[in-house]
Amino acid sequence: MANFENDTTVVQQVAENRYDEDGTPHVHTPQKGFYKKALFRIATIYFVLLCIPSYYNFYKHLFCLHFSKLTYHDFQSVVAFWPPQIILIESEEGVFGIYNYVNLVLLFLVSIVLGLAWTVLARKSKPQTDERWRYWVNVLVRYRLAFGMVGWGLKKAFPMQMVYPTIGMLNTPFIDMAEKKLYWSHVGISFGYTIFLGFAEILPGLLLLNRKTASLGGALAAVVCFNIVLANHAFDAGVAVPAAYFTLLGVFVASYDFPKIWRLLVQEKDVPTYRYKPTFSFAWQRRLKVVVKWIFIILFVPVMAGFWAYGFFNGNNYNIPSTPGVKKLTGYYNVDRFLLNGKELPANPLDSVRWQYAVFEKWSSLSYQTNRPAYVDRMIGYSPLRVKGNKNNKKLNQVDTQDSDELFKENRNRDLGVTRWEVGGMPGSRRYFFYETDTVNQILQLQNKNKLYKWEHQVLHYEIPRDGKVILSGLNEFQDSIYVELSRVDKKYPLVEGRSSLQAYY
Amino acid sequence: MSETNFSTKSQVSQRYVLRVKTALNAPFRAYFPYEVWSLPKVYAFRFTWVFLLYFIVPVDWKFYQYLFSIHWVHLHFYDVLVLAKYQPEFVSLTRADGSPVLGWSSYSNWLIGFLVAVIGAILWSIIDKKKRTEHVVLYQWLRVLVRYRLAVALFAFGFYKLFHLQLPYPPLSNLLTNYGDFYAWKIYFQTTAISPAYESFLGVVEILAGVLLLYRKTVVFAAGLVIGFLSNIAVVNGFYEVGEASFSALLVVFAIFLFIHDLPRLYQLLIREKYTLSNKIIPVYSTGKWKFIKKVVLFLVLILIGTLGLTAFHDGVQESYKLPKNPGLSDAFGQYDVKEFIWNGDTIPYSKTDSNRWQDVVFEKWSTLSIKVNRPVWIDRTSGEKYHEKDIDRNYELAGQAGRHYFYYDIDDSNHRLLLQNKSRGKRNEKFSLSFSRPDKQTILLKGVNEKQDSLQVVLKRSHKGHLMYEGRRTPVQL
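Quick mapping for you: the protein sequence lines, in order, are chains W and X.
Its first residue numbered 1127, the first sequence is counted upward by one per residue in my numbering.
Its first residue numbered 288, the second sequence is counted upward by one per residue in my numbering.
Keep in mind that the hints were calculated from the coordinates and are not lab data.
Bear in mind that the values here come from a model prediction, so they are computed numbers and not experimental data.
Any given hint might turn out to be false.
To list a few chain X residues with every Cβ distance to chain W over 12 Å, as calculated [unchecked claim]:
#, residue
1, 419
2, 477
3, 644
4, 764
In silico lysine to aspartate or glutamate, EDC-like type, Cα no more than 16 Å apart, as pairs [as the list claims (entries may be wrong)]:
#, chain 1, residue 1, chain 2, residue 2
5, X, 504, W, 1462
6, X, 639, W, 1616
7, X, 567, W, 1396
8, X, 639, W, 1462
9, W, 1386, X, 560
10, X, 567, W, 1394
11, X, 504, W, 1396
12, W, 1338, X, 560
13, X, 626, W, 1477
14, X, 718, X, 738
15, W, 1403, X, 560
To be clear about the criterion: a stretch of chain X counts as covered by chain W if any three or more of its residues have a C-beta under 8 Å from a C-beta of chain W, and this derived list gives those stretches [to be verified]:
#, stretch
16, 513-522
17, 632-641
18, 687-698
Backbone N, C-alpha and C define an ideal beta-carbon position, used for all residues, glycine too.
Please model the complete structure; the sequences and the hints are all you need to start from.
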C-alpha cells in the first residue's frame, strides 16, 4: 500500500509551492467567465432559497410554541420543514407526488432570473467574494441538512415511526394493508433494524456538522435519501419530494470537495492543500460564531434526542396508544356465540353484523371483523394519505387530525388522536374501538377509532367466567343489544417465534 | 526415484516459479525498488492474503462437483448463481431440513479461514528467508483478484433482482395469508417484491457497482457503494433471518479491503487538509504476452457477465423458477368463498374453528390450489430458492408461511378431475382426487374422497372483495 503521505518532506515542499506538475499555480480559484459566474450564482441563490422555510405555518408554529410543553413534534416541525411550495398539484400520490417536483423546478427558474441579475449587477466583484459566498452557503446547507437528517433518524432510533405489528395486524391478510403500511411494517417487525436505519440517517447528519467530514456526510445523506425517494414512490409513502430535496442538499454539500476527490482518485493527480476559511477581524465575531454554532448543535442534537427519548419512554409514542387496556382481556378471540337483539346469528363471513373474530390489544383497543365496508381511515403514522382531486374534503383527507400532540398537551386523552396506527391503512370492515374501562362495574365505554365514524359509541359489559372466556353484552354502535361469547386462542405466530424456533406446526 | 532425477525436477519447478514471478512483476517493473513496509504491515498483509484467497480460490470440492453436474446445454441462471455465490463450506450452511444455518454459527467457515490465515502467515514468515520488506506486487494482484471476484457476485445478484427472480411477485395465496403467519424473512421479501420497479432498481445499483469495479480508477466508488448497500443487506440478513448473512458480509469485507487502499489518501485530503499525493503505481501491460492475457481475461469476464445477464433475462421472461410453471385450471385464478361444505354427508356451516371446514380457497395462475382451514400447517423452513424441475418441488410459495395448505394438482380433462397432492415435503402422501364442474364462471363444484377416505362436496364461489393493497391508493374507498 502506497504511503506517500507519510513522506513529509516531499509533501511540504510541493505544498508550499502550490504548483501543479505542469507549472501552473493551483489555487482553488473561483469561477471565471460570465457563464461560469452566472451558473455559480444561480446555484447559490437556489440553495439559499431551498434552506429558508417559506410557508406561513412554519412561523406560526415557531412563534406559538409553549416552551413549558415542548415535545419532540415541535423539534421535528422545525428541522423537517418542506422545500418552498409555489403551486400545489395533487397527483395519484397526493401532495408530495410526482407533480410536486415542479416546485423544485420553478424555484430554479426564479434562481436563474435572480442569479443573472446578480451577475450583471455585480460584474466587477472580486473573485474572492464568490468564494466567500460558496463557503457560507455550504455552511447553511450542511447545517440545515444535518439537523434534518438527525431529526428523521431519531424517529427510528427511538422506534416510533415504524412499530411492531399489533395483534390485530398479525391477524390481517397481507393484501388488506395499504402499501405504505406494508413498507413501514416490514421495517417495524425488526426493532434492531429500525434502530440501524435510524443511525443510517443520524450518522450522515453528525458527519455534516464538521467541515472536514461534511463531504462524506453529504454523499451518505444523498445516497440514503435517494433510496427514500424511490421507496416513497414505490410504496406510496407520501414524502418523496422532501426526501428528494434532502438528496439535492446532500449532493450540493458533497460537490464542495468532489472536484478534488475526482482529481486525486480518478485523474490520479496530486492535490495541493488549499481550502478557503473565513477570516474574522474581530474577537467578538469569532466568539459569536462559536456561540451560534454550539447553540444550534446542542439544541438540535442532544436536546432534540432527549425529547425523543422522553416521548418514547413516557407514553408519547405517536403510533401506539398509551391508555392501558384491561390486562386480562388481551388476546385474539374466536366468537363462539353472537346474539343480536336476543336472536342467535350463525358464523358467516358474509354477515355484516356478526363478528368473525375479536382482538383486545395490550392498550385499550377492541377490534373485530365483520362484512360491513366502511371508509378507510387514511392516517398512517402521522401523515394521512390524502384523497386525490378533492383537497377541500377535509373529512376524507383528515388534514386536521394530526392532533395527538395537542391532546397530549391539553392533558386530554391522546389515544383518539393520531395514534391510530392500528387503524390507518386497514380495511374499514375491521372495526377498531377505543374504550374507557369502569373496572368496578366491568363496563367498557367504546368509541370508534376511525375518525370518519367517531360518533359511533358502544357500551358493553364484560365478564370473564373463566380464564380464556369473555362474555360481552350491551348496546352496540347501532343501538342494538348484543351478546357475544368469546374464547381466546393462544396462537403462536411464526413472525413472533422466529425462523430459529424449532416449532414445526403453527 | 534417483536423486539426480529429483533435483532436475526441482530445478524445473524452480525455473517455472521464477518465470511466473517475473511475469507477475512485469507490469510493475517501472516502480522498482518499491517502498519499504513496516513489519506489522508485512505480517498483516500475509494474513489478509491467505484469508481472502481462502474465500476466492475454490478450495471446496463441492464447487467442482456442482460445476461438473451442470447441464450446459440447458443452462439455468440458478446454476451460474450457485457458482457466483461460492464460498467455502467445510461446515455446511444448510441444515438437514434444507433451511439455512442462522446467526453467528453461519460464520463458522470464517473461523476456519481465520485459523488457516494465521497459520499461513506464520509459516510464510518462517519460510521467508530473504526477509522481504514489502509485498507490493502481490498486493496489486490480490486487488485485481478481489475486484473481479466481487464484480462477479454483484453482477449475479444484480441480475437476480433486475429480472425479479430473487423476489418474485407474491402469489395470491401468500397475499391472502395473515401478516403474523410469515417468518420475518418472507415478509421482507414479499414487501420488496410488491414493487417490481423498486426491486429492479436495487438490482441496477449492484450492477452499477459491478461495472465500476471493472475499471481500476473507479474501484473506490464501487467499494463505497458496496459497503453502503451490502452492509445494509448483511444487517437485514441478520435481523430478518434471511440466511445469506455470511455471504453478504463477505462481499462487504472484499469492499472494505478495496476501499482501504485509498483511505489514507482521502484522510490526508479531507481531514488533515494537506497536500495529497495520488496513487503512483499504475500497472503497465505493455509486453505482448500481457496484452494478450488482459484481452483473454476481459473476454472471459464479459462472457461470464453476459451469461449471467442472458440466463437471468431468459428465466425472468420465461419462468420465474421459484414459482411453478404449468398453467392451472383455465379462468379459475382467484379467491373463492367456500359457500357450502358437505363432509361425509353432513353440511358443516362456516367455521373458523372446525378442523375440517374449508374457510377459503385460492386457485393460482399455475397448478397450485391453497386452502385455509383450521388445521396446523407444517412450516417449510427453507428459503424455497432452489431450482426444481417439477412444479410440486417448487416450494417458494409455501416456504416461510403457516397460513394455508398448498396442493399441487394435475388436471384430468377427460374425466373433469383434479388430482391433488400436498406440496409440503412431509405430507406428500396426502393424495386425492376431486371431480370438478363449473356451472358458471363464478362457481366451482368439487366432489370426491380425500386422503382419509372422507367424502367431500364443496361449492366454491368467486370472491369479489376489493383489497386495500390494490384499491386504496388515493380514492375514497370503502372496504
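The hints, checked one at a time:
| no. | hint | verdict |
| --- | --- | --- |
| 1 | 419 | holds (15 Å) |
| 2 | 477 | violated (7 Å) |
| 3 | 644 | violated (10 Å) |
| 4 | 764 | violated (6 Å) |
| 5 | X:504 - W:1462 | violated (70 Å) |
| 6 | X:639 - W:1616 | holds (14 Å) |
| 7 | X:567 - W:1396 | holds (10 Å) |
| 8 | X:639 - W:1462 | holds (10 Å) |
| 9 | W:1386 - X:560 | holds (11 Å) |
| 10 | X:567 - W:1394 | holds (8 Å) |
| 11 | X:504 - W:1396 | holds (14 Å) |
| 12 | W:1338 - X:560 | holds (8 Å) |
| 13 | X:626 - W:1477 | holds (13 Å) |
| 14 | X:718 - X:738 | holds (6 Å) |
| 15 | W:1403 - X:560 | holds (12 Å) |
| 16 | 513-522 | holds (count 3) |
| 17 | 632-641 | holds (count 5) |
| 18 | 687-698 | holds (count 3) |
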